[in-house]
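Trainee: Residue numbers (the numbering used here): 1 to 276.
Simulated from the structure, these hints should not be mistaken for laboratory data. Mixed in with the good hints there might be a few duds.
Pairwise CB distance ranges (calculated) [to be verified]:
id, residue 1, residue 2, range
1, ASP74, ASP128, 16 to 24 Å
2, PRO45, ASP65, 17 to 25 Å
3, VAL189, THR211, 15 to 23 Å
Think of the CB as a built atom: it goes at the ideal place given N, C-alpha and C, for glycine as much as any other residue.
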Amino acid sequence: MASTTSESAPFADPDGFDRAAELMATAGRITVLTGAGVSTDSGIPDFRGPNGLWTQNPNAQAFSDIDTYMGDVDVRRQVWLQRRAHQAWEAAPNAAHRALAALDTTGRLNSVITQNIDGLHQRAGLSDEKVIEVHGTLLRVMCMNCGLRTPSATVLARLDEESDPRCVSCGGIQKSDTISFGQLLDPEVIERATTAARESDLFLAVGTSLTVHPVAGLCDVAMMARANLVIVNAEPTPYDDYASVVLRQPIGEVLPGLVHRVPKRGHGIFHGFEDL
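Start from the sequences and build out the full structure, keeping to the hints where you can.
Mentor: And the structure:
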């Protein structure tokens, strides 16, 4: 596919923004892939950007390794404290999250596949059924032995008395119900995401570097099904040359603007969320 890359103002660029808006307005089934860049406006840092968590503190990446976590009680203690202090607990959905919730009201949103673990898509108004969390969620804790899932708030409340809270059912090691390095993704979740990509006629990748597989490969799945690929991301991605449109403008400005141009099924231009 020939791509159009835009770095100018979103509402003044006919070759980028307007083309993306046209593709979205004429699509019947839009699948969206979101990455950490979608939540940065909510105060949650990304990982690989200039101010990213791993860029600023390379040692932090070691805490995301499953073998290190399972084998070192001191690492687990530090991770639990980090989880309790995570920005997600105080964060609120931003304009990008609200725009995707508004897109759902047009009847054109198939699914939101997210690499984020903060739950902000649901807090913005999307249903759990509409959101596919490929890297899990901070909102739950899972026992690594028996698989028992518990609300995170219940486990975090124990930290004042227990630095490494164990499973109340079997005594096993617990961790946030998120995917760590070296840990397999849930095959059922990946199958749902693959199906959503295959069923789309427009695949919108927002705020993701598209370097982490197998999630990045969903772009290939969508394009093989003849979907248009639109990328909104601050930095270049490996898929830019294959996209119909690449937009570099701030996500919190571009996404509401694009969704504003998407009509509800059987109607004209949608004007239901001017406050975004």
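Trainee: Cβ-Cβ distance between VAL189 and THR211: within 15 to 23 Å?
Mentor: Holds: the Cβ-Cβ distance is about 19 Å, inside 15 to 23 Å.
Trainee: Regarding ASP74 and ASP128, is the given constraint of 16 to 24 Å on their beta-carbon distance met?
Mentor: Hint violated: Cβ distance 35 Å, outside 16 to 24 Å.
Trainee: Using the Cβ atoms, figure out if PRO45 sits within 17 to 25 Å of ASP65.
Mentor: 19 Å, holds
The structure fails to meet hint 1 from the earlier list, while all remaining hints are met.
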